[in-house]
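Full structure from sequences and hints, please.
Chains as they are written, first to last, in our numbering: chain A, 177 to 476; chain B, 41 to 335; chain C, 287 to 376.
In short, the hints are calculated from the structure, not lab data.
Just a few of them, taken from the derived set where beta-carbon distance is under 8 Å, the chain C residues facing chain B:
| no. | residue |
| --- | --- |
| 1 | 291 |
| 2 | 293 |
| 3 | 295 |
| 4 | 296 |
| 5 | 328 |
| 6 | 344 |
| 7 | 348 |
| 8 | 352 |
| 9 | 358 |
Even for Gly, the Cβ is constructed at its ideal location relative to N, Cα and C.
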Amino acid sequence: MSQSTITNTQARSEAPEVTSSSGLTRAVSRQKGESVGRNRFLLSIYLLFTLLPIYWLINMSLKSNREILSVFSLWPQALTFDSYIKILTDPSWYMGYVNSLTYVAMNMTISILVALPAAYAFSRFKFIGDKHLFFWLLTNLMAPPAVFLLPYFQLYYTVGLFDTHIAVALAHCLFNIPLAVWILEGFMSSVPKEVDETAYIDGYSFPAFFIKIFIPMIRSGIGVTLFFLFMFSWVELLLARTLTATNAQPIGAIMTRTSTASGVDWSTLAAAGVLTIVPGILVVYFVRNHIAKGFALGRT
Amino acid sequence: MNKVENNKAWFLVLPMLVLVAFSAIIPLMTVVNYSVQDILGRSAFFVGSEWFVQTLNDSRLQSALMRQFAFSFTILAIQVPLGIAIALLMPKKGWQASAVLILITLPLLVPWNVVGSMWQIFTRGDIGLMGYGIRQLGYPYNITRNATDAWVTIIIMDVWHWTPLIALLCYSGLRAIPEAYYQAARIDRASKWAVFRYIQLPKLTNVLVIGVLLRFMHSFMIYAEPFVLTGGGPGSSTTFLSQTLATMAIGQQDLGPSAAFSIIYFLIILAVSYVFYVTIMNMQKDKAENNAGGA
Amino acid sequence: MQWMVWTLPTAIFFSTIASILAGMTVWQLISPTVERKGFLPIATTRGDRLFIGLLTSAYIHLAIVGFTDISLWFALGISILWMVILMRWG
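Rendered as structure tokens:
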């Protein structure tokens, strides 16, 4: 209904109303200036709310524990990088980051490789059970990892994958493959089917068409999908911690070491936390121009 | 788009199916098997529906479920309007748009347990900015003693953590509105409210349903953040479903009851997801029919 | 397989589900389903009705097992009856 209203207004807008338009524009732009100022102000308040806890974490990571517990200050009085140096030089600490990045990378590779053909099938073909299969995929996206905790432990222990990176990577496939299929399907559906047909007429085989023509066309979609895969695998801890012991322990599990009987090592905890945000910032920087579309899962 | 009927498409889906089935169906079957047996070490006895009877009548689980629903609806009631508002406020182009996008996405990229640690540091009465600040104002803020404080803090933390998702979804929905619609509205001297109500909101419904679905489901999974921040306390005032389940399964090794609980939990998720899925699919179908009718 | 601790009832349960799915596939190949509107608020295909039926049956079982002393077999009977009604008129 709203669409028809708009069509009407568009039709009406073509009627000549030049005389009053310049005055109108000026009034509108003045009004707009005020509202832009107010919008900026409100947005800054929200951004402040977003950044304050992060700032506080950085602030803590740059103080010594003695300073944290003795004086309350909004910025470090005696700037120290000791916590960062400790984390980046001690293998038992920095291997946590290496482990996390390893299984995240494995998971991204596996997920995207199997999700690409599957998403293509969903976006182009009707087949028996397609809708139910898609729904089943979505339920896996929604399934709380806690439900699968025990059987996962048993399963990976039995097949001898316990405490390996690939175990975590496979476990994260539970929610990451469905997510990848969902996002990619949206992007692929926006590519006209004529593209496929023309390629087949030109004599391309399916694999050749898919790799040489189709994948380059949805480059940005793949980029955004990889971002989401990274994000959800990187932030998950429950499964990662349950399926590992020492060799593949994620940084999130190592961080618990900071709280000991003698108290919490706040400074190291904060520094480790800050370092977990860094890879995310790097990744989001690369996809910043496509991220908005990606969040709508390709279907706006 | 008209899809071609072709059952060979199953071959394209197959690798994905095998992998997801490995991590979804086998564990699910195992959970069902656990749920009807009493497992002690290596021996198992068939007990039938006993664990289900026990679980459904367990007041601890019932109250965790109630808390979970209260929590989920509260955060949705805050995050959805706030997310829409932020999306409307975000700059549309230029370097500011990129900068704001990256800043807003930040909380989504923080590992969930780090979110907990971050807020623990932020809200402590002695070293935290928020905790210290509120105490300076004269309110004896304490999340380890006062259940209300803990509850409110967890809500604020979740708003901090997840509002960006709704905001970014809405932002992308708004970007998809052609500029001509706004021009038409300006010429009609439509009020801001009218623009929102008749142009922006209808375009947002699609993404909002996805957003609400994702948020509702994710709020059901919340585990690491309250676990680190409050440990589920004081008492059990902030113990949600996943944590109750994880405590049962890992902490107490009650395989049978926790499996029965998992199944009930999963059935709830399944029913809610299905309702949302049908809604989304019907909306897309309507949209497709409208488009076909217009062309 | 040892770790999955199979029991006869659960094995029967999963075999039944698997054979229903296989049967539905064959049925679909022989005579494809037509989406139609029954007493359910949405238009459904055969597969949709099967899914809705199975899900609601699970809830029927939970309600009867959890909150009454009536036998499980009674719940199963009601569920099968409900499934038939749903598949035919849903």
